[in-house]
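*Asks:* All chains should be modelled from the sequences, with the hints used to inform the complete structure.
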Amino acid sequence: MSNYLLASTPLVGHVAPLVAVARDLTARGHEVTMLTGSRFSPSIRAAGAEPVPLEGVADFDERELDSYLPDAERYRGIALSRYQLTQTFVRPMPEQWRALRAVLDVTRFDSILVDNFFLGALPLLVGERGQRPPVLAVGVGPLAQFSRNTAPPNSGFAPSWSRAGMLRNRAMNFFAQRVLFRSLQQYALGLYGQMTDSPVPLDFPFVLDVAAAFDSYLHLGPREFEYPLDDLLPNVRFVGPIDTSRSIPAPAMPGWWDDLDRSRPIIHVTQGTVANSDFDSLVRPTAMALADMDVTVVASTGGRPVEALGPLPDNCRAAEFLPYDQLLPATSAIVTNGGFGTIMLSLAHGVPAVVAPGAEDKPEVAARVAFHGTGIDLRTATPTHAQIREAVADVLDDTDYRRHAAAISSALSQYDALESIAHALERASSHAAEQDEHVRRRSRLCTSRTGVRAARR
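Anchor point for the sequence shown: position 260 equals 260 in UniProt numbering, and the numbering is continuous, going up by one each time.
Derived from the structure by calculation, the hints contain no laboratory data.
Mixed in with the good hints there might be a few duds.
[Said to hold, decoys possible] Cβ-Cβ distance ranges computed for the label pairs, FRET-style:
| # | residue 1 | residue 2 | range |
| --- | --- | --- | --- |
| 1 | Val200 | Pro251 | 25 to 31 angstroms |
| 2 | Ala158 | Glu128 | 47 to 53 angstroms |
| 3 | Thr107 | Trp256 | 46 to 52 angstroms |
| 4 | Arg427 | Ser162 | 35 to 41 angstroms |
| 5 | Arg132 | Arg63 | 33 to 39 angstroms |
| 6 | Asp416 | Glu320 | 30 to 36 angstroms |
| 7 | Asp259 | Arg237 | 25 to 31 angstroms |
| 8 | Asp105 | Val57 | 17 to 23 angstroms |
| 9 | Arg63 | Thr399 | 38 to 44 angstroms |
| 10 | Ala171 | Ala393 | 34 to 40 angstroms |
| 11 | Glu419 | Pro234 | 20 to 26 angstroms |
| 12 | Arg108 | Arg45 | 20 to 26 angstroms |
| 13 | Pro251 | Ser41 | 17 to 23 angstroms |
Note that the coordinates shown come from a computational prediction; the quantities given were computed from them, not determined experimentally.
Using N, Cα and C, we set each Cβ at its ideal position, and we do this for glycine too.
*Replies:* Take a look at the structure:
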């Protein structure tokens, strides 16, 4: 059996899939250590793995935005995206690397598996790599690869295969790297120098385009929900989503569940667990917009008190968390700000979506929903009541949305992410062991030949 190290940024959407991987690997008889935020230690132990907590700025709690995004209210648009990326993924790099190195100094691992934005692993991936275990990544959002077919990540533009479209994409990608996110890259380069006390290697990647740096990139989504890229990286493998229902404690059923009116369409609305500080962005507008429609609205606050929603219409019910395995099979449509995990779960049940994309990677999720016909991209994080009502009515009336969502659902059923990840780790570990043995044999052979030549003299 093998010994694996898993590492994740301490965001639920990043941690939960890796906890599920840890549970699966330990059930297969492997030893697993997992490096992430301290608040996840109980869940990691419950999965049979050994938790190692991050420290300092790397050990933030997404439920307390002021602890890592204290100035978020000052920014909008690209500036907000740049600030979020800096604070959430780049700033923690030194602390992540320090913790990773400390674990590697005392334990030999056969392979390492990280989430694709655990940038503290970069010193293992660039420059002189030396003797290190294989490093694989799981992609926990839309495929993060710059391509001639697509505009920069998080732009939300539709892909293009025309000559004019690819020229547009090339110009936009250049502008994103050299202008919009230049300060982000410079900050990362400076931190790398501090972390390693060495010059930045020539192969250091752009921090929004790191997929190629990993030995293997295991995308937690289906190929059928991505764009068909002409230049897809050779190390990318689509493994499908992971059921994370056992990664965190299951929520209790709300008291109103048994009395929920199922005689009319159920519309679920959520802003997820992170971007839920202002329910006037989406949850409350959706409840109010659908108040006079013949539907039942079920809202989730993502952990915040239900009272924060204020008064709700008679056809609306709310809870802090909801068990999706029971809610989604009964749901006719979902209204969401575009969290990748939420969309994967809804598609697994063939539920079409109305997406009001927020920050981070949500515009990319919304663009894919529109591209594949599984829902509607409102192209704004703060839609009007009229926009919401019209979009929900369209999704309910036009059977093509449900048909396309059902097609993705059927495709998803053919994937087994945990099996694919376990096999990828086993293959990587086996290949690395063979290479190590080859190096040792050559070393022994060289030593033997040197000894023979010395004896002849």
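*Asks:* Work down the list of hints and note, for each, if the structure agrees.
*Replies:* Going through the hints against the structure:
Hint check: Val200 to Pro251, Cβ distance near 45 angstroms, so the stated range 25 to 31 angstroms is violated. For the hinted restraint 47 to 53 angstroms between Ala158 and Glu128, the CB-CB distance of approximately 41 angstroms leaves it violated. Look at Thr107 against Trp256: about 49 angstroms separates their beta carbons, and that is inside 46 to 52 angstroms. Distance hint check for Arg427 and Ser162: the Cβ-Cβ separation is about 38 angstroms, which falls inside the suggested range of 35 to 41 angstroms.
For the pair Arg132 and Arg63, the beta carbons lie near 34 angstroms from each other, so the given range of 33 to 39 angstroms is met. Between Asp416 and Glu320 the beta carbon distance is about 31 angstroms. The supplied range of 30 to 36 angstroms therefore holds. Judged by the Cβ atoms, the range 25 to 31 angstroms given for Asp259 and Arg237 is violated: they are separated by roughly 45 angstroms. Look at Asp105 against Val57: about 21 angstroms separates their beta carbons, and that is inside 17 to 23 angstroms.
Judged by the Cβ atoms, the range 38 to 44 angstroms given for Arg63 and Thr399 holds: they are separated by roughly 39 angstroms. In this structure, Ala171 and Ala393 meet the distance hint of 34 to 40 angstroms, their C-beta atoms being roughly 38 angstroms apart. In this structure the supplied range 20 to 26 angstroms holds for Glu419 paired with Pro234, their Cβ-Cβ distance being about 22 angstroms. Distance hint check for Arg108 and Arg45: the Cβ-Cβ separation is about 22 angstroms, which falls inside the suggested range of 20 to 26 angstroms.
For Pro251 and Ser41, the Cβ-Cβ distance of about 20 angstroms falls inside the hinted range of 17 to 23 angstroms, so the restraint holds.
Of the hints listed earlier, those the structure fails to meet are numbers 1, 2 and 7, in rising order.
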